[in-house]
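Next come the chains, spelled out residue by residue.
2 protein chains.
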Amino acid sequence: MEQQRLEQQLAFLLELDKLKNVYRQTMVLHEDRQENDAEHSFHLALMAAVLAEHAKEPVNVQHVMQMVLIHDAVEVDAGDTYAYDAAGNADKRERELKAADRIFALLPEDQAAEYRSLWDEFEARETAEAKFANALDRIQPMLLNYKKGGISWIRHGITEEQARNRNCAIVSDGSDTIGALCEEIIEAAKREGMLQ
Amino acid sequence: MEQQRLEQQLAFLLELDKLKNVYRQTMVLHEDRQENDAEHSFHLALMAAVLAEHAKEPVNVQHVMQMVLIHDAVEVDAGDTYAYDAAGNADKRERELKAADRIFALLPEDQAAEYRSLWDEFEARETAEAKFANALDRIQPMLLNYKKGGISWIRHGITEEQARNRNCAIVSDGSDTIGALCEEIIEAAKREGMLQ
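Respectively, the protein sequence lines represent chains A and B. 0 is the number of the first residue of the first sequence in numbering that gives the first Met the number 0; add one for each residue after it. 0 is the number of the first residue of the second sequence in numbering that gives the first Met the number 0; add one for each residue after it.
These are calculated hints, taken from the structure and not from any lab test. Owing to the predicted nature of the structure, the values given are computational and were not obtained by experimental measurement. No residue lacks a Cβ here, since even glycine has one placed at the ideal position from N, Cα and C. One should not assume that every hint holds.
Derived coverage of chain B by chain A (criterion: at least 3 residues anywhere in the stretch with Cβ under 8 Å from a Cβ of chain A; other residues may be distant) [to be verified]:
no., segment
1, 19-27
2, 35-43
3, 152-162
Chain A on its own, in the form it takes in the complex:
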């Protein structure tokens, strides 16, 4: 029994090795290449622990960490959809639900339900933990992109309004302090010609 559980858990863990090959629009800071989902999720989990005091409501930090570690798991099948890609975002939900059905089912039944529920919770953005996790998910690429000279905003011709509408309300919903940071980044990026 324990052996069979371990095998199912390893199947899930090794499947998620594929997140190391799902590339995002954000660039890493010190190499000329795009960040992948595993690196992004690593960064979010660390941010969840280090920045927890800034959450708008008290959060269960472990819960947030687990949520951000699997929030992109569906992209193993569904791929990364760029935040400002309207066509890609049209069928994103459908593709991701199908992926969630397959990927979380690799786990033993109790954990399959637990991790699927974590993913649904992240997507719904209703609990304190999900709001904080989503705030981190929005601010992390903004931080990297700003530090990298706004490269992916410039490449895609993103406007100040697009960046603000897509990100700052959701960030502020999870944290006042980090919400203020979101506004500051957009102001600075505008001033420095990174956002139209």
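Chain B: place on chain A using the hints.
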């Protein structure tokens, strides 16, 4: 005050972006390239949550997750030292202590102490959490390497004894089930000509 804390926390979090550029000997499963520390730490944090039931003693899962997320932070300065590199391992401790002094001090004072203590705890391998975290740190590259045809063992001419001595006692110290898996991997790798 809150603003200053946030700035210090961001300095630490952005410094650790460099872990995305510290490459290990282990290969990722689905591309022809080495894994980096951020990807490795992502994988360990996820394993900590999914495999916690296999820990030899009950563990505080959040504590294990935080520990594995920062266990390689010192490699930003000290680089990755291959497990079987005797010369590199001779002055590893000294290089890493110096790095720890610098990197954790980027955080606000209370968190600098907290994260430095987590790193020291991981290194000492005495608490239940540190033993389990170290078990994951040893089994993860073995799993990937075995699934990848033993590529890094073959490249470096590693023997069955080296692999067993370096890994399985430490893995077993953190988990009986995962300790048994360590032995199974070594037996299979020997049988399949991946280990000498």
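Here's how the hints hold up against the structure:
{"no.": "1", "hint": "19-27", "verdict": "holds (count 3)"}
{"no.": "2", "hint": "35-43", "verdict": "holds (count 6)"}
{"no.": "3", "hint": "152-162", "verdict": "violated (count 0)"}
Consistency with the previously given hints fails for number 3 only.
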